[in-house]
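Novice: If you want the building blocks of each chain, they are given just below.
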Amino acid sequence: MSSAVSRYFTSSIGRKQLIALTGLGLCGFLVAHLLGNFTLFIGSDAFNIYAHKLMSLGPLVYIAEAGLAAMFALHLGLAIKMTIENKTARGQKYYMKTRTGRGETLMSATMPYTGLILFVFLILHILQFKFGPVYNTEVDGVFMRDLYRTVVEYFQSPLNTAWYVIAMAAAAMHTAHGFQSAFQTFGFNHGTWTPKLKILGIAYAVFVAGGFAAVSIFLHVKGA
Amino acid sequence: MSDATANMTIYLKVWRQASAAAEGKFVDYKVDHVSPDMSFLEMFDVLNDQLVKKGEAPIAFDHDCREGICGMCSMMINGKAHGGEKGTTTCQLHMRKFKSGDAIVVEPWRAKAFPLVKDLVVDRSAFDKIIQAGGYTTAQTGNAPDANANLIPKTVADEAMDAAACIGCGACVASCPNGSAMLFMGAKISQLALLPQGQPEAPRRALNMVKSHDELLFGNCTNHAECEATCPKEIGLEHIARMNREYTKATFTYHEKVRGGDGA
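Residue numbers (the working numbering), protein chains in the order written: chain P, 33 to 256; chain W, 6 to 269.
Just chain W, same shape as in the assembly:
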């Protein structure tokens, strides 16, 4: 590191845990030559380089695209998911947001439904299970339908797109005081419930996804709105409200025995 601007020193307190079964603890690290232009993950790369050179095990953390769209970089930074900057993932959080000499605490997501794998890596496959329970449409294959066959108002399409921006990072669960996944699930239910392609299966989807969510031991929503505040895609509570409506509607109008016995 000969870059003259790489002059920050950061004091890290990082959760280290060799495996799910192992005992974990915080370890203090001093990272020199940090550039304000580095992302938070690049600062970890610098630290891991140093650890490897010293013969120590590098800190395991999830990352992939590093451009804020994959949802992998889960880290609790000073008690806030992804560092708590508005609409920002950890990979898009830059060191210029900190001062040289700052002490930063880094922890993994804490949720019973997200078991720890190693260090800062957690297993978020509980989200996949919620999706498998109904977060899809049963589409007919064949030729692509005509673009104008389904007319969707621009405002509705925009709202569905806002919900579809969810990258499944788990910040909502991590920051929720109740460890609830309602914002994630609300976004997934919303994006499909808003569009005609998703509406035929909407009642069953709402019932099955909520059932799956509850069985996976996520907590209950009590409308704190910490999820909305830390969501890197700025998904709002209105999607949880839509899910609540969809669920209520399904409870009181949907009957398992549908005419014609189509197996629904």
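Chain P on its own, in the form it takes in the complex:
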């Protein structure tokens, strides 16, 4: 039994299925996160109440955070190992290697790099917001953290906004390949559905990354 488990977790197919599974899990998280961010369009109270409600879920928050951290760590760790293996599998580099134009895309070729940008972004993102400047406010007699002010102050800087938008472009590229790729990895491949899934993946990438970027630009313009 344990041999079957260890075989799966160390095999090329087992590992990439885990990368695919955690990747799709993180894709789901991004949607939830984005929907929450849309309250920033409404105003300070809406966003602060949303953030306060979310954080007052208590132990559920810690469970969700631990789950996300585990998914992210697994995704990152396995992807790094896979990328190193893939680089060494070539051995001597080609003097000339050209794409056929029918396979590899800019999105698929840059997965390790866009992934790395997202990793750096994530660390900074948590430091800048969750562990960023703490202000307090009162909404309808309830005291809560004024996370809205933290966010608005951050996006007043054009550099911060530009970095955020660049990171979201990386997210778009990463998920545009990753989303549809995950299904192939699980073994879903169908003449009719696969092309539709690829379109859905691009739509997802544009919606999510575009949504986050739109919020950041909105706040920058509003705050400036």
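I should point out that these hints are in silico values taken from the structure, not numbers from a laboratory.
Fair warning: there could be bad hints in the mix.
Below, computed lysine to any residue pairings styled on SDA-like, alpha-carbon distance capped at 20 Å [to be verified]: (1) Lys129(P) <-> Lys254(W); (2) Lys134(W) <-> Lys125(P); (3) Lys216(W) <-> Tyr40(P); (4) Lys254(W) <-> Ser35(P); (5) Lys216(W) <-> Lys129(P); (6) Lys134(W) <-> Lys129(P); (7) Lys123(W) <-> Asn53(W); (8) Lys125(P) <-> Pro182(W); (9) Lys216(W) <-> Ser43(P); (10) Lys129(P) <-> Ala108(W); (11) Lys125(P) <-> Lys254(W); (12) Lys18(W) <-> Lys104(W); (13) Lys129(P) <-> Met166(W).
Note that the structure is predicted; figures quoted are calculated from it, not measured.
We have chain P; now place chain W onto it with these hints.
Specialist: Same frame as chain P, now just chain W:
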């Protein structure tokens, strides 16, 4: 060469390496009197004739059938496996696809699992090892079974045949940015998994072949699809997907200790 149509001049940059241990380098050659009707390999024959007459060592390259079915003619041509024409092996690539005066870079397959032997020749026996790990059926010998004893739908037979078209040339590995052999292995697993003759051993086959693939230091598939684009037999990613399904199914349903202790 007195053929009036043999009027192309090609400038080649070819990887020369005397042995696996020797230092390799690119050498430039000018090939005159190339006919547009020649195959890429025939152009190499012309060049090698010239080299032999000059007392130089001819360029070693693999070739056999020269009709696109043996899978020997492995060459990276201008950065593309077999030259990158759709569904074409190097032997079926004609010089009419080039222009007189063209400079062409020719390299061997580059993969850790395919060690270089000489010049453009690489050792592809890693593929044989993957096949030995499970790419077969344990058939009973005896009289040929009745043709209608195993009913197989035409569509299934066709799909198995599409997978079986793999000639093991290694273009998938050579063109894969990750040096992965998943398309080769996917084709081999697919052709047997689709047919009743291959199904009894399908779980063990998937597990053992993937294990062998990984041990041979081929890379991991990240779904770039360069393999599919350069496969001279146009084998598609759906066969990799089937392999992924077979592997997953085997992982979660197959148990080594089969009832009856048949040694499976």
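Novice: Work down the list of hints and note, for each, if the structure agrees.
Specialist: For each hint, the structure was consulted:
Pair hint Lys129(P) plus Lys254(W) does not hold up; C-alpha atoms about 36 Å apart against a cutoff of 20 Å. This hinted pair does not check out: Lys134(W) and Lys125(P) have alpha carbons roughly 24 Å apart, beyond 20 Å. Of the supplied pair hints, the one linking Lys216(W) and Tyr40(P) holds, its CA atoms being roughly 10 Å apart against a limit of 20 Å. Taking the CA atoms of Lys254(W) and Ser35(P), the gap is about 16 Å. The hint holds against a cut of 20 Å.
As the CA atoms of Lys216(W) and Lys129(P) are separated by approximately 29 Å, the hinted pair breaks the 20 Å bound. The hinted pair formed by Lys134(W) and Lys129(P) fails the criterion: a straight-line CA distance of about 27 Å is larger than 20 Å. For the hint pairing Lys123(W) with Asn53(W), the CA-to-CA distance comes to about 15 Å; that is within 20 Å, so the pair holds. Distance hint between Lys125(P) and Pro182(W) is fulfilled; the C-alpha atoms sit about 10 Å from each other, no more than 20 Å.
Straight-line distance between C-alpha atoms of Lys216(W) and Ser43(P) comes to about 7 Å, which keeps the hinted pair within the 20 Å bound. At most 20 Å may separate the alpha-carbon atoms for a hinted pair to count; Lys129(P) and Ala108(W) meet this at roughly 15 Å. A hinted pair counts as satisfied when its Cα atoms are at most 20 Å apart, and Lys125(P) with Lys254(W) does not qualify at roughly 36 Å. Our distance criterion of 20 Å between C-alpha atoms is met by Lys18(W) and Lys104(W), whose separation comes to about 16 Å.
Straight-line distance between C-alpha atoms of Lys129(P) and Met166(W) comes to about 31 Å, which puts the hinted pair past the 20 Å bound.
In the structure shown, a violation is registered for the earlier hints numbered 1, 2, 5, 6, 11, 13, in ascending order.
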